[in-house]
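Asker: Here are the chains, one letter per residue:
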Amino acid sequence: MLDNLPNSVSKVPLVNKLDLRQNVYVRNLFGGLELVMSNTVTKWSAFFLGFVFFLGIFGPTLAPHHYSEQFFRPDGTLKLALPPLSEGHLLGTTNQGQDILSRLLYGARPTILIGLGGGIMVSVIGTTVGVIAGYVGGRTEFALMRIVDMIYAIPLIPFAILMVVFFNIGLGTTILIIGVILWRGSARVLRSQVLQIKERPYIEAARATGASDRYIILKHVLPNIVNMIALFLALGIGISILVQANLAFIGVSDPFTPTWGVMIRNAYTSGRFAEMWWWSLTPGFLISTTVLCTFLLGRGYESLRNQRSGRQNVDSTEVIA
Amino acid sequence: MSNLLEVEDLTIQYKTRDASVQAVTDATFSVEENQFVGLIGESGSGKTTIGEAILGLMDDNGEIASGKVRYKGEEIQDYSEEEFQSKLRWSEISLIPQASMNSLDPIDPLDQQAIELAKTHTDWSKQKILTRLQELFEIVGLPADRITDYPFQFSGGMQQRAVIAFSLLLDPEIIIADEPTTALDVIMQDQIFKYINQIKDENDTSMILITHDISVVFENCDTMVLLHSGHIAERGNIKEIYRDPRHPYSILLEESFPDIRSPDKSLAIIDGKPPVIQEGVDMCTFAERCPWANDDCFDELPNLEPVAGDENHYTSCIRAEELDALVEGSDVAGDD
Amino acid sequence: MIEMTAEPVLRLEGVDKDFSQANSILGSIKNRVLGRDVEQLHAVDDVSLTLRRGEVQGIIGESGCGKTTLLKTIAGLHEPSKGDIIYRGENITEYTTKEWKEYRKNVQIIFQDPFNSLDPKYPVKEALAEPLKIHDVDDIEDRVVNVLKDVKLDPPERYLDRYPDELSGGEKQRVAIARALVLDPDLILADEPVSMLDVSTQAAILEDLNDITTQQDVSMLYISHDLSTVSYICDRVNVMYLGRIVESSETRDLLDEPLHPYTQELMAAIPVPDPFAERERTQIQGNPANPIGLPGGCRFKDRCVERMDICDTTPNDIETNDQTEHQVACHLHYDHTATDDVAVSANGGDGHE
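Protein chains in written order, with this note's numbering: chain A, 219 to 539; chain B, 845 to 1180; chain C, 29 to 381.
Just so you know, these hints were derived from the structure itself, not from any lab. Hints may contain errors.
[As the list claims (entries may be wrong)] Cut-off 27 angstroms, straight-line C-alpha distance, at most; resulting in silico cross-link-like pairs (DSSO-like, lysine-lysine):
hint, chain 1, residue 1, chain 2, residue 2
1, C, K129, A, K416
2, C, K180, A, K416
3, C, K161, A, K437
4, B, K1109, C, K180
5, C, K110, A, K437
No experiment lies behind these values; they were computed from the predicted model shown.
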């Protein structure tokens, strides 16, 4: 019933700045990965997302053809609107004779880039604003939160349309449009997390010992909310991909880059949406599954952490913009 | 005096993901009419578990492995949730849970909560319920016209008293009070026990007082049950045990409380922590911490035996007879 | 060992801490525009005390009486609204940033809640190394190992890599104490460090705090609501009620002869671990008054058994009673025929120390 004492105790080196394993953020990361792998749902969501990410990097390399290449038969006719598994096209062709599989693979990269870009913007801006508002308080908090309120009042899609009227439609613009609006939810939630943490005795102890605010934020506040930030990153990626698909569908995006959203749009505008079901199904399936996995991963991870620490954290459903 | 409640050889286990924990082992004690029983122990001693088990309020992963609980002669340990609700809870045995100010629903005013509570277990009229609530408020020193307030309009101490009033609403035979005054300061604690004792006198109510504070038990209870790692170390009439403690844990525990009457007395330190019992226990739970344990103490779990043939005093220390000499010979207990 | 003649470690003179009741920006703007006088919460009101080297002084009072606020103000977590805090002869409200850093090195705090006073993300060795790193102290390893031994977490190597959730409540609190000790402070501010622990753990930790303060020449201010633990460990006790110190004396003297009606009630309410003792229940009614917008006069008057008219109209003063420096702020003990001007300054009592 009593622990066994070790026979010989060696002196443990205490301070090892160069040892990355000692770093609290690295510890959090590995701990998080371990947690994700422990649960079936989060594990497979993570694997799928890994696969999608892989497509993002290697898509164009893997694609059998170029995305805008049109295919002709020996007799000179275009291979138009072919269903899957016909004439050497695994997923069929578009109404202009382009290989859908190739388009899918090429389209992975911009889709994911937008997702990542949007997700990163959402979590970075949201964290910065949330932490500053929560920690500093007072008028700064007041001002920042009123800005958040105003941004909540802006509807995303009409805003995107407006931006497109004034600026070019491009990869960067799309990321910008999404990022500039959607950080509002994560800022609010993270601020309330910070408010809770700020009151904890270990923060007061650090202040009483003479730690600067910057030190406290970096060493004590952030490590304790980093899991929430990771959650928002995952959700942000998912939402960005969804929003991008939405924008593409209504035509507010570059029609020449075959992102998955654009493919669905093209299928729609061809007038043969239902007939050529294979054209929209594959990108649609990929979008939904990707987004689903980001949500499952994010929320699953959050509830795993809650189970472990047994504490009630703020629910992330508040964040859905 | 007949026994209202009898707990016999109760053993309770909890199953967690990794292992199982035996929170209570072979607990036996009883509660008579108009009697206050103090259930004392440190955290992890199983005292709250016993209180929960009596009312069927344990978490899902807890179960009564063996033993019986009898209320007015009838066995209740296997009651279904429905039976607990309709036959036992609130109307016969009520509970003042730990941190009880948190058990009041913040959304409804107090009179609504009382009405809901009473209507679940009885068919009293609304009028009767409210009148009774007002009476109880007066008994616990709360203004009767404030039964319509919301919990947040009361201070912490007042909320505590409101919960006590609720526990009396249906005039139960036994109240199980789990650390009812821990969060309160000493003046409020005194006030509350004053009311509790008044209630005992006027209503003939019995109580199981679960706490770690032996002073409060010595002052207010008639009998006490001392738990260590889920096993009863000593049990009996309060005055008997005070005069003649027969378990090392009782002796040391008493000496580890600072006493304001002798502030310079040094406190007894008990080594180690109460062990967590996993599957079964085959030695005295206190043996590793006991300054007077011998080899026999590690052999098997001792049973509760009467002290010198006294029906009101039981101990599970096999060296109970020699205890006086042993304590004398060592200087572990504080010097007066 | 209390050094009677040296400069006291800490002196508080008429310290006030008020909290304004305007909750929001709009609220405070509105108040300023309309010229409204905002009601203040006088959490700490005119508190004076002197702490000598090596002394352990206690402050007892019910929850909400302001003792925690007072402690935090001394620790520099709040700014006093009025009054002086004098550390080793220097007024800390006039400190430069550099001097504050030095102060924070020498004045450490132990919190009440063992479950939240350590950052769950860091193991013990990093929690203890942190104060040392903040103040650029060398030989971190040695100090950390030694301080663990001081708080009886032996062998230290067993605890270095453990995380807070792997420690018991008592062990966590010992680490918190170790953290307070690691910089070799002059003054420790302890906020009920044992109230959330089991009794047997309490005893052990109180004993250790006793040893530490005696052996290491550290002064301590110990606040609690439990007179039993305070009288065990403190040389001198101050009784606080609704932000004010109402009685102050050497421990033994206070226990033998409490003078203020509130102290008397407090002591009468303590349960005695003796079933044969007959104790009279406390007669006191009601709760402490709302600390916001208190009327003038004695703050205990609404619950005091001995209340007189004079308790209403004049403010209180601390009055020395005898050689043990037993001070009490109560009109019962004040010689009203002595002077016409009742507003005798507090220095009348503190003068010869």
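Asker: Next step is simple, just say for each hint if it's right about the structure.
Answerer: Now for the hints, and whether the structure bears them out:
Only pairs whose Cα atoms come within 27 angstroms are accepted, and C/K129 paired with A/K416 is accepted, the gap being roughly 21 angstroms. Restraint check: the Cα-Cα separation between C/K180 and A/K416 comes to about 31 angstroms, which exceeds 27 angstroms; the hinted pair is violated. The suggested pairing of C/K161 with A/K437 holds, with an alpha-carbon distance near 13 angstroms, which does not exceed 27 angstroms. Only pairs whose Cα atoms come within 27 angstroms are accepted, and B/K1109 paired with C/K180 is accepted, the gap being roughly 22 angstroms.
Under the criterion of a C-alpha separation no larger than 27 angstroms, the hint pairing C/K110 with A/K437 is inconsistent with the structure, at around 34 angstroms.
Of the numbered hints listed earlier, those contradicted by the structure are 2 and 5.
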